[in-house]
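Protein chains in written order, with our numbering: chain A, 663 to 1046; chain B, 96 to 610; chain C, 21 to 220; chain D, 14 to 512; chain E, 25 to 124.
Hint data in this document are derived by calculation from the structure and do not stem from the laboratory.
Every residue gets a Cβ at the ideal spot worked out from N, C-alpha and C, and that includes glycine.
So the derived label-pair ranges between C-beta atoms look like this:
(1) D:Phe70 - A:Tyr1016: 49 to 57 Å
(2) D:Ala379 - B:Thr206: 21 to 29 Å
(3) B:Thr546 - D:Tyr444: 42 to 50 Å
(4) B:Thr100 - D:Asn73: 33 to 41 Å
27 Å max Cα-Cα, derived DSS-like pairs, lysine-lysine:
(5) D:Lys47 - A:Lys1025
(6) B:Lys264 - D:Lys318
(7) D:Lys464 - D:Lys52
(8) B:Lys125 - B:Lys207
A few chain D residues that don't get close to chain C, going by computed Cβ distances all over 10 Å:
(9) Leu64
(10) Leu66
(11) Gly71
(12) Thr168
(13) Leu287
(14) Ile312
(15) Ser316
(16) Glu377
(17) Val434
(18) Ile441
(19) Ser495
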Amino acid sequence: MSSLINSIDFPYVLGALIKVVIFWITIMIICAYAVYAERRVLAVIQNRLGPNRVGWQGLLQPFADLIKFIFKEDIIPMSVNRALYVCAPIISLVPAMMVLIVYPFGPDNLPLPGGEFLTQTINDLTTKLGLGWNVDLRSVNLHVTHFNVGILYIFAMTGLGVYGIVVAGWASNSKYSLLGGLRSSAQMVSYELGLSLSVVAVLLMAGTLDLTEIVRQQSGWGGMRWNIFGGTSAGEGLKSLAMAIPAIIAFFIYLISAIAETNRVPFDLPEAETELVAGFHTEYSALKFALFFIAEYVNMTTVSVLATSLFLGGWNGPFINVFPWLGPIYFLGKVFFFLFLYIWLRGTLPRLRYDQLMNFGWKFLLPAALFNIALAATIAVLVY
Amino acid sequence: MNLITITTFLPLIGAILLLLLSLRDSGDQKAANNLYRYATLAITLVTFLVSLVILARYDSSNAAAQLVQKNPWIGSLGVYYHVGIDGLSIWLVILTTFLMPIAVLASWHVTKRVREYMLFMLILETGMIGVFVSLDMFLFYLFFEITLIPMYFLIGVWGGERRIYAAIKFFVYTVVGSLLMLVAIIAIYFYNGGTTFDIVEITNNIQTGKTLIPGNVQVWLWLAFALAFCIKVPLFPFHTWLPDAHVEAPTAGSIILAGVLLKMGTYGLMRFNLPFFPSVSQKAAPWMMGLAVIGIIYGALVAMVQPDMKKLVAYSSVSHLGFVVLGIFAFTDQGMQGALYQMLAHGISTGALFLGVGIIYDRRHTRQIADFGGISTPMPQYSTLFLIVALSSLGLPLLNGFIGEFLILLGTFASPVPHAKMFAVLAALGVILSAVYLLWMIQRVFFGEITKKENAELKDMDGREVLAMVPLVVLAIVMGVKPMTFLRGSEKTVTLVKEYVIGKPAKVAENHQDK
Amino acid sequence: MEQFAQIQVSHLFFLAFASLAVVAAFNVILQRNPIYSAIGLIVVMCSLAGLFLTLSAEFIAAIQIIVYAGAIMVLFVFVIMLLNIREEDAKADRQKYLKFLAVPLFLALIGVVMAALKTIGNPAASSNVPGTVENVAEGMFTNYLLPFEATSVLILMAIVGSMFLARRESAEDTNEIETALNAANQPTAVEESSEEEVHA
Amino acid sequence: MQLTSLNLNYAAIAPESIVSVAAVVIMLVDAFSKKGARKINAGITLVSLVLALIAVFGLNSAGRGSYFSGMIVVDPIRVFFSVTILIVSIAVTLLASQFLRDEALPPGEFFALILFATAGMLLLAGAGDLVTVFLGLEIASITTYVMAGYRRYDTRASESSLKYFLLGSFATAFLLYGMSLVYGATATTNLTAINQAIAEGKVQFPALLMIGAALMLVGFGFKIASAPFHLWTPDVYEGAPTIVTGFMGTAPKVAVFAAFLHTFAEGFNAGGPLGSQLHHVWVTAVAIIAALTMTIGNIVALSQKNIKRMLAYSSIAHAGYALVGFVTSEAAPVGFYLLVYSLMSVGAFAVIQLLARAGDQKVEAADYAGIGFQTPALSFSLAIFLFSLAGIPPTAGFMSKFFIFKSAWDGAPTLRWLVVVAVINSIISVYYYLYPIVVMFFRPLAPGFVKPRVSTMTAVALALALIGTLYLGILPNRVMSSIGRSGTANTALVQPASK
Amino acid sequence: MVPLSWYLALSAVLFTIGVAGVLIQRNAIVLFMCIELMLNSVNLTLVAFSRFLGDVTGQLFVFIVMVVAAAEAAVGLAIIIALFRTRETLNVDEADLLKL
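Next up, chain A with everything else stripped away, as it sits in the complex (with noise of 0.2 Å):
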């Protein structure tokens, strides 16, 4: 990143943007059919229909719901803090979308269809134009950029994510958003402990933080050689596949913790409708409602993109070498079947009490992940 900032320039720019623009829409449509999927299978486990009239078996349903959200009448309540009341959904959504800048959608160096021809075009024209640019289009890396520390960049901006639902808990200043701000603070740091711990032993054996990187070592045995399937870094043979205890159950704490941090059932005690009418957005409506609804989503894709990366070797699989083109198929799948089992699982498990939840969190998780350290370590120095 730094060095993207003392060396940039204008078609860098432009591209990123380009890309950025691309991903952005493409996270917001999985985001709208999530929403869609979700009520759509919640539906079938409870055994009634769901959304089925908007388009075809309601497929435009997300698209209704947006309008709908715009057109609502936007209402700030008397008693709230007007400016921070308004920035919240903001401070939840944009950490949340910044995240996508080092999403490794698919392997480096794509061949683009027609790239020749848009390389040659982009770089006569402005050439006439005097600008002297010198683009090359023949082939793409489906990211924004990689960075030196792309996981921690990820950590960062996530925990930034918290600081919405604290503001939109407190500016709210009712009691119901005050407990909701604060269960749900207290949880996603909690829990974004064992994340990130549990996140340290796949780190041992990749050995860097750059989350391309990372996705790329585990293309190994044909596409195959995912993390939890020992990685590759363990060096060769058979003894590699040791690392795979470890990397197995730091997947188990990700997941769980990720749940977590995202709010999901079942720790989904900050929003829990029974006891707290809505959580930390029970005072917002229309748009503002739905800049938290659509950073929620974000924010699950985001950890469904890191498991993928982290742990199912992102947009690895079989004949990846062939058809470079299956990478983003291969990653969009593993995500989507990440948002699957969060729906799997509301629509089956109960929720937890608070203290249980706390207790979980501290004196479960956070000492697995530590001892899950540990045993990432040792088979580290003894593999080696």
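Position chains B, C, D and E relative to chain A; hints supplied.
For chains B, C, D and E alone, coordinates are given in the frame of chain A:
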């Protein structure tokens, strides 16, 4: 073991014994108190006897320090445990050990916290002896300060009405002086090479010119020492703590305060100021003598108008110690010998005076002269002894006071110091004034009609009081009749000190010619 | 002023982050409402992270946000919420003089430092660019091994201390303390005292 | 970088390790034992502190030098100051048992905190690098913040804790800023390297070095409560539980002084034109601070009627005296002074802890009226401690002051006025130190006096302090020579730049 | 490259703003934030020096500072909570059982 060390620390060991005794406290307060009293008396008596051995071993023909013990103590500083006696200190040590049993006897009536009282008395004795025998500046300072704490408690706990005020005043005045002295001690230490605090060595170095202190620095250092000692003496105008302390202190406290503690000041002047800074001392002599004379007359005048007997005696101390300072700064054999002699005489007679006042106070619980009158009738023994003591104090020939004052006046008259003759004349006026206030007091208290009926039934002295008083009176007479016994002991050292200041006799002649 | 002649993108980044930081910092100290101050501080921290990036300190930048913004400030905001501290009333401050002291002091301090900064000129940056995770990690586990280990003591201590202080005192505890205090201060307690006690 | 070149030497950090490990053990024992395992905790604490003491004496076997790539040093300053710190910790541990029982406060955390604080202070005393100075300081400070508020139900304790915390952190920020500038100017954080850089004229930004040193001085000034950075002290000392006051008034100061010596008397005591300029500036600044500190501490103490508050101001004054010794960069007198000060101060606070009753209810001087002969052992101990604080012989207070004054008079001829100021201050201080004695012994007994109980452990601690105070007053030679000449700062590099 | 003095100046400005905040703010928690601001500005100085000297030590120092700041925050906020429980105010002027 060195005799001097034994004498010094015997009281301290006694104090520890006293503490051990108190461990098997049977609960009978009265018996325990008596035990403490007798034990203390015994300890002080033993100390006195041991000190007599020192006296016996003391060689009066030798001016240097004797019976010396010198052991390294604080190596990094060059501090030694160095004790010994010479002409300046021998009699003061004896005075201390002699007054202590009397002071203990005088405090027989103390019933409050007897054990602690006696403890403090014993610690005080160690401190006082230590001051006189130390031959190391550091050690001297240590003992100088140690005397402070027990005295402070004696005044503060067992004193009179305004004891707190008096105790604090006493303490703060003394500490102010002594801390400045500490700075001066450090300074001298460094000017002397930063290796030793030894008084003898430093004196030699200064006298032989091995150690040179710049002139203006000398003045400051001299002032620092002088201030410390003048406060202790107390020289006018630093005397204001004295009446308070004397009046509020218990009888024994007053005896020791007047008898010994004040002498630490004059002793210090002779021990430090004169040998260390001869030239400054010479320059300062007229000023000191002037202050001394003011003290003599002022003390006497104020004493005259005191309605309180104890206060009167206290102010008489100011007056008498003025004589001592006068004698010291006369820089003549007679003057300085007289000063030393006057120290002893004052210790004996003023101690006795305080004892006398204490005796009468025990009976009447008042010290106002106006409350008495004609008590010679019910208390003939007491009146006789008190009269003798008063006469000795005012300098009647054949009693001790006369010898000291006479020598001082003589010495001052012959002194090379400018204006000395005038001071001598003025000081002589002080002698007359002291006769006035003492005799006037005697007249008002002992003679005339008995105006108050309480006074008619006063009991005369009991055995214990006689035991305390008689030695003092006897000594006052002995000192008056046979002064040479005492003077001979200090002769050589005094001459040495005088020579430190003004050089060998030839130089004195020069000084005379200058005038 | 030839510095401005060759203005670069990094200068723009610097100026943007710096002005953001200064404005937010003033916001921290001038706001009445603690939560606004907190948000101001979060902004300062984030812009400092940006500045760290311009200095190629990527690891520190990430950690800056994770630790400061993501943990410490969350704690602050959390406490503000927990104690529900709302806007302070405009009370008469007892130490008003401090406020008048603040401005000149502020200017003086700035003045001194600026004067000192004038002397340093514009030294060239080292060609050696530290700041990656590898650099930091290597230093951390070699030269800084002892301090690194010592931080564990620090953190452990902080956990013990803050747990102790923030724990709510139960009614039971309070009772116990009261009983103990009374017992300790009662003269009668002397008789009940155990054998290990001696009287003063 | 190879690990071998780091000069790892675990013997060099043995005391710190022992104490830290013991703290963890105590937390574990506390977690797994029933309530009231006070004796076990106290026992573990004592044993570990004594072991650490032995380890400190064993430091010399590690050899003089710096270890862990210069992070920690073994030298006489460290050894001596560590011993002082451990003695204070041992005394406070002994005293704490009764305090915790009388007030039904949880013992586990308290002992753990004492140990953590000790570990921090030991680290600080041995720090050879700015970062270890900083870390040690913070470990020690943060622990004491918590200890100050140990009586959670008590508003005054909490307030004291808060004030201590805020001002302490404020000071830390200054110290840190100073460190950062020094680092920038000299391109290193190692104290020896800083010294060399200054001496060899390799400082890139001399102005920044000056400002950095000044800011560090401010930071250290805060931590040792020297004027004009002393405002926190009285409140904090008054509000904290007495025993904690005794602890934080002594041990952290000792440790900070050690670091102060290492940084200023050694690090910033280099040759060369810049070095001598720097040396001159900081010595002058320290002299002025010392004079101010003594004077303010003593004068304000005069008007105090609350004994804890009075002792707080007196502790300010004592920091000033110690600073007087500091101007010569000689470690021995400062070390001896702080040892003595710690002993008498802890002793005084211990007595007050007992006399003030559980919950610190009686801390006004008037509450002590006439109790002198009711509890003679305690009162006379207090009197001796107060006399010692006042510097009256034959107590150690006198001897330590003597060493300080002598060293300053000798070593800094241009600053002799400072010695005079110090002496005048000693005179002033006598007045207020006498006050409690006056009240205790000379006034009639106040009603409602209850004879305090003294547990065996408390008695042992008191006796230790008392014996120490008297022993060092009469026979200081052994202890003094143990720091002695070898403790003189800056032996190897360059002579101080004083003329 | 942005000149070193710019970073140092910014850091000094932030530090002094922090100091000023400590002087004018009366709310304990904001006061504490001002102190955190001061620590942060120091971090900037350290990182800037680290970059210009090409020496990673400055960044390591920053890391340690962050750990310390975190510990300090934990304890400081615990103290504030403890005080709030007994007093219900965070105005340091009102916390006046102990006179200044």
